[in-house]
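Heads up: the protein sequence lines correspond to chains A and B, in order.
8 is the number of the first residue of the first sequence in the working numbering; add one for each residue after it.
43 is the number of the first residue of the second sequence in the working numbering; add one for each residue after it.
These are computed hints drawn from the structure, not numbers from a lab.
Derived pair list, reagent style SDA-like, types lysine to any residue, alpha-carbon separation capped at 25 Å:
#	chain 1	residue 1	chain 2	residue 2
1	A	Lys106	B	Pro92
2	A	Lys106	A	Gln13
3	A	Lys106	B	Thr108
4	B	Lys96	B	Ala59
5	A	Lys106	B	Gly43
Chain by chain, the residues:
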Amino acid sequence: GAGVSQTPSNKVTEKGKYVELRCDPISGHTALYWYRQSLGQGPEFLIYFQGTGAADDSGLPNDRFFAVRPEGSVSTLKIQRTERGDSAVYLCASSRGHKETQYFGPGTRLLVL
Amino acid sequence: GIQVEQSPPDLILQEGANSTLRCNFSDSVNNLQWFHQNPWGQLINLFYIPSGTKQNGRLSATTVATERYSLLYISSSQTTDSGVYFCALETSGSRLTFGEGTQLTVNP
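Next up, chain A with everything else stripped away, as it sits in the complex (with noise of 0.2 Å):
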């Protein structure tokens, strides 16, 4: 595709709910990041896949945050059990490998009521 593609745009939920965040990365790509942005902060990284595998999961902040990426393109982030403190902006971006300049989506703005 033309660009780093994220749905929904927007997600409102209950506390305690269950989300799923997805990522469509340009075509091509085979390095995925997925980062969380609050309201006045610089992103933070969440989780990079290298294909299919979770390179690096350090960022995830507990166990209730979980992504996966199948068939090395489309990934989803999923949080169970949502918290008021999981509202932010959940950004994806791909690159076509490793070390080589992200490029991010639109975002998804999560609000957990």
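Dock chain B against chain A, hints included.
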């Protein structure tokens, strides 16, 4: 982990003015990127610049890796340049560590 400091935190300019944004970092880096986050939240790549100088239109960037800083120059600023400018560093692995950003406002 690596520390990234951007300055100034806020900058207000009149259209047509020039500006310099600075990014200091605490450790050696494999890579450095500059981004512009527009008012709609989209992060736009400006430069991929681990060292040296690059120019793209009214924007240019210089990274001096040995002295651990990078500069972003904006010349003849326009209102559409408004937004937040981030530098982001890659150390080990592929994760980017972002600074706090510089909020730029260009007034007509």
